[in-house]
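Taking the hints into account, I'd like the entire structure generated from these sequences.
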Amino acid sequence: MLLKGKAHKFGNDINTDYIISSKHKSKFKDIKQMSEYLMEDISPGFATKIAKGDFIAAGTNFGCGSSREAAPRVIQEAGISVVFAVSFGRIFYRNAINVGLPVVECNTDKIKDGDLLSLDLSNNFLRNETKGVVIKMNPFPKFMQLILEEGGLPNYVKKFGFKI
Amino acid sequence: MGKTIAEKIFSSHCGVHCRGGEYVIAEPDILMSHDGNRPLAIDVYEELGMEKIYDPLRTILIIDHHTPAPGETNAALHKKMREFSKKYGTPLHESEGICHQLLPERGYVTPGSLVIGTDSHTCTYGALNAFSTGVGSTDFAVAMTYGKLWFKVPETVRINFIGKLPTGVFSKDLILSLIGQLKANGAMYMAVEFCGDTISSLSIDSRLAICNMVVEMGAKAGIMPFDDTLDEWLRGRVRREFKPVYADEDAVYKEVYDFQVSNICPQIARPHAVDDVVPVTEVEGTRINQANLASCTNGRLEDLRVAANILKGKKIHTDVRFNIIPASREILLDALREGIIQTLVESGANINNPSCKGCSGGAMFGVPADGENIITSSNRNFKGRLGNPNAFIYLASPATVAASARTGRITDCRTFLG
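Residue numbers (our numbering), protein chains in the order written: chain A, 1 to 164; chain B, 1 to 418.
Since the hints were derived computationally from the structure, they do not count as laboratory data.
Treat the hints with caution; some may be incorrect.
As the list claims (entries may be wrong) - Simulated pairs of lysine to aspartate or glutamate, DMTMM-like, Cα-Cα distance not exceeding 25 Å:
| no. | chain 1 | residue 1 | chain 2 | residue 2 |
| --- | --- | --- | --- | --- |
| 1 | A | Lys163 | B | Glu105 |
| 2 | A | Lys158 | B | Glu27 |
| 3 | B | Lys152 | B | Asp276 |
| 4 | B | Lys8 | B | Asp227 |
| 5 | A | Lys136 | A | Glu105 |
| 6 | A | Lys9 | B | Asp276 |
| 7 | A | Lys136 | B | Asp412 |
| 8 | B | Lys148 | A | Glu150 |
| 9 | A | Lys159 | B | Glu105 |
| 10 | A | Lys163 | B | Asp276 |
| 11 | A | Lys142 | A | Asp115 |
| 12 | B | Lys312 | B | Glu155 |
| 13 | A | Lys142 | B | Glu46 |
| 14 | A | Lys159 | B | Glu284 |
| 15 | A | Lys158 | B | Asp227 |
| 16 | A | Lys4 | A | Asp30 |
| 17 | B | Lys315 | B | Glu284 |
| 18 | A | Lys158 | B | Glu284 |
| 19 | A | Lys158 | B | Glu346 |
| 20 | B | Lys52 | B | Glu22 |
Claimed, not checked - Not the full set, but computed from the structure, chain B residues with beta-carbon under 7 Å of chain A:
| no. | residue |
| --- | --- |
| 21 | Thr118 |
| 22 | Ala251 |
| 23 | Pro389 |
Nothing here was measured: the structure is a model prediction, and the numbers come from that model.
By construction, the Cβ of each residue, glycine as well, lies at the ideal position given by its N, Cα and C atoms.
Encoded structure:
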């Protein structure tokens, strides 16, 4: 399946407190309400700038910090379909896979804010349409690809059993 | 080829010999979850229609992050956790302290064990020679049901600390110094094995503080050696047999670093990054408005004790609010018996219930005003961490925090110690 969307670019070490601040945990009951505050402390109003199917592209260590699963969930809920980064905080990475949010390691220096991207995950193809360049992605292990295709870990385990 | 401690622990928990870089399915010995997660791990479990728990007695639930409940949202979640515990027979600890103090204190964690928790600072228990790591709510829901989880076995970085820490320099200064050098992504996906004579000289409280913060360098786990100090500390706490784990002589490490500690001075992380670490002397004199002695990093008895030593018979500065949150009820009781709490209250400090107050912004506790400077013994200083993005948070050792509360400015604790 080919996904197309605009990239929203962020820098290095974007931590999960910036993705979704702790204070919202006590104010709001659910992820949908929290998603309005995605990146609020570093980019006020960011959630309003997202069109469904857009992407996030970031530098190193995206999603570092706490283990909050709310982080990939609010990103999904706000309409982002895939996160690209040079590298990811490890708990954020596994949380994203587990909830079915693709997290792709690649050289995001080739992506600027506002660039249009085309992505076909199952065929390992990413192109920056604005710049006219193909970007190489680090492939997932097969079991992670299947987890993503099933929409997350629980569905994967129910379908395939607990194996990798 | 020999194995690292992490490789040995994963091998024994997944039933096959495995190495760093490989993906495995392993069975954790202990699973921990608390009230700070959104969604709650138990909500994910129930939404997915999971019907049974693999082993209730190894599934530990803790109410520590937002307690007593600061509003209806949290009150409802706490009620849900209590009902869940009653229904399934999982241990629940409420009003007893922070998860990362309770699990070691109550003997849940043993050398050689594999522990997961829905909190990034779950790496703390590596100080007990265990492999302990943070996961998310869905991980927990699945592991709680099936008794196992997927993992990538980490490669290991070995850190050898050599020498004696000088007076006024503590394990918090050591880990801050390390994070400042390796940076926020310096140990990404790695296990960090600590060794050396410095570690042998440290108390368990001090070792817990070091392992607690390895996540701030991107590490999956921090692991300390098993020795007589740990053996002594575990006696009377742990309920089951254990076998300590030692790295093989010919284990293969990604990197090995040697650090000479006798030159280290008190350290501080400046706003708003944990790895922006400088000597305290570089920011000495900066006015502070609030000091927090709190958290799973440094809310332990030796931390309260050093603060009391600095403040005995003295008052905190009139412009400073000083909040003290012991990491567990047991610590609070010990501190009461030692006269520590009396000393701190007499100095003008506020004592609060053992919980994650003073570190987690969701607790809505001690929220700073715009432009204020806070110095804290906790582990993160990101913008907005304490509930206001327009404030500035400094991370330091308990001694530095207490010295600064006393003078009203960031202060080198050696002014008052030794």
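The hints, checked one at a time:
1. A:Lys163 with B:Glu105: violated (35 Å)
2. A:Lys158 with B:Glu27: holds (18 Å)
3. B:Lys152 with B:Asp276: Cα-Cα ~29 Å, so violated.
4. B:Lys8 with B:Asp227: holds (18 Å)
5. A:Lys136 with A:Glu105: Measuring from Cα to Cα gives roughly 9 Å; hence the hint holds.
6. A:Lys9 with B:Asp276: Between Lys9 (chain A) and Asp276 (chain B) the Cα gap is close to 23 Å, so the pair holds against 25 Å.
7. A:Lys136 with B:Asp412: violated (50 Å)
8. B:Lys148 with A:Glu150: Roughly 19 Å between the alpha carbons, so the hint for Lys148 (chain B) and Glu150 (chain A) holds.
9. A:Lys159 with B:Glu105: Not OK: Lys159 (chain A) and Glu105 (chain B) at ~40 Å, beyond 25 Å, violated.
10. A:Lys163 with B:Asp276: Violated: Lys163 (chain A) and Asp276 (chain B) sit about 41 Å apart, past 25 Å.
11. A:Lys142 with A:Asp115: Distance of about 29 Å is beyond 25 Å: violated.
12. B:Lys312 with B:Glu155: Since the Cα atoms of Lys312 (chain B) and Glu155 (chain B) sit roughly 46 Å apart, the hinted pair is violated (cutoff 25 Å).
13. A:Lys142 with B:Glu46: Outside the cut-off at roughly 28 Å; violated.
14. A:Lys159 with B:Glu284: Given pair Lys159 (chain A), Glu284 (chain B) is violated - Cα atoms ~59 Å apart, limit 25 Å.
15. A:Lys158 with B:Asp227: violated (43 Å)
16. A:Lys4 with A:Asp30: Violated, at roughly 28 Å.
17. B:Lys315 with B:Glu284: Distance ~20 Å between Lys315 (chain B) and Glu284 (chain B) Cα, so the pair holds.
18. A:Lys158 with B:Glu284: violated (57 Å)
19. A:Lys158 with B:Glu346: violated (59 Å)
20. B:Lys52 with B:Glu22: violated (30 Å)
21. Thr118: Because about 6 Å separates Thr118 (chain B) from the closest Cβ in chain A, which is inside the 7 Å limit, the hint holds.
22. Ala251: Since chain A brings no Cβ nearer than about 21 Å to Ala251 (chain B), farther than 7 Å, the hint is violated.
23. Pro389: holds (4 Å)
Violated hints, in rising order: 1, 3, 7, 9, 10, 11, 12, 13, 14, 15, 16, 18, 19, 20 and 22; the structure is consistent with all others.
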